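Chemist: Residues per chain, in single letters:
Protein chains: 2
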Amino acid sequence: MCEASAYLIKDGKETLVLESVDILEPLDESGFMLKNIFGDQKIIKARILRMELVSHKILFSEDTP
Amino acid sequence: MCEASAYLIKDGKETLVLESVDILEPLDESGFMLKNIFGDQKIIKARILRMELVSHKILFSEDTP
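Note that the protein sequences, when read in sequence, are chains X and R. In terms of my numbering, the first sequence opens at residue 699 and continues consecutively. In terms of my numbering, the second sequence opens at residue 699 and continues consecutively.
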């Protein structure tokens, strides 16, 4: 399977937000809805920092660019 | 491998932008840098509409939300 884990980078530290993410959709208010292959859903108020799909990683940041 | 193909949705039509995308990074000016597993790189001026990782799809839209 080709899902990825979503991490939040804050103060230089990486925290797992949701593993095995399948669906990612932007929300109106500068956030994202994440849904994983187990049906778990999470909303994250952060911006995308970088995605590394081959490494199965989605990195978010709460900091402004 | 778990790369995904990037498509641009415009006027209801899906156009392939870049296949086998590994890295995705937002740019300052509301766009994204895409880099695939072959080292090809592309800049797309669009917003993310939806990602479906298990289906290996990244969908972009040029339309405003």
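Hints listed in this document are in silico derivations from the structure and should not be mistaken for laboratory results. Any given hint might turn out to be false.
Straight-line C-alpha distance at most 20 Å; calculated SDA-like pairs for lysine to any residue [stated by the list, open to error]:
1. Lys733(R) with Met699(R)
2. Lys755(X) with Lys755(R)
3. Lys755(R) with Asp726(R)
4. Lys733(R) with Lys740(X)
Note that the structure is a prediction, hence the values are computed from the model and not measured.
Chemist: All the hints need checking, so say for each whether the structure fits it.
Modeler: Evaluation of the provided hints:
| no. | hint | verdict |
| --- | --- | --- |
| 1 | Lys733(R) with Met699(R) | holds (15 Å) |
| 2 | Lys755(X) with Lys755(R) | holds (15 Å) |
| 3 | Lys755(R) with Asp726(R) | violated (23 Å) |
| 4 | Lys733(R) with Lys740(X) | violated (27 Å) |
When held up to the earlier numbered hints, the structure conflicts with 3, 4 and fits the remainder.
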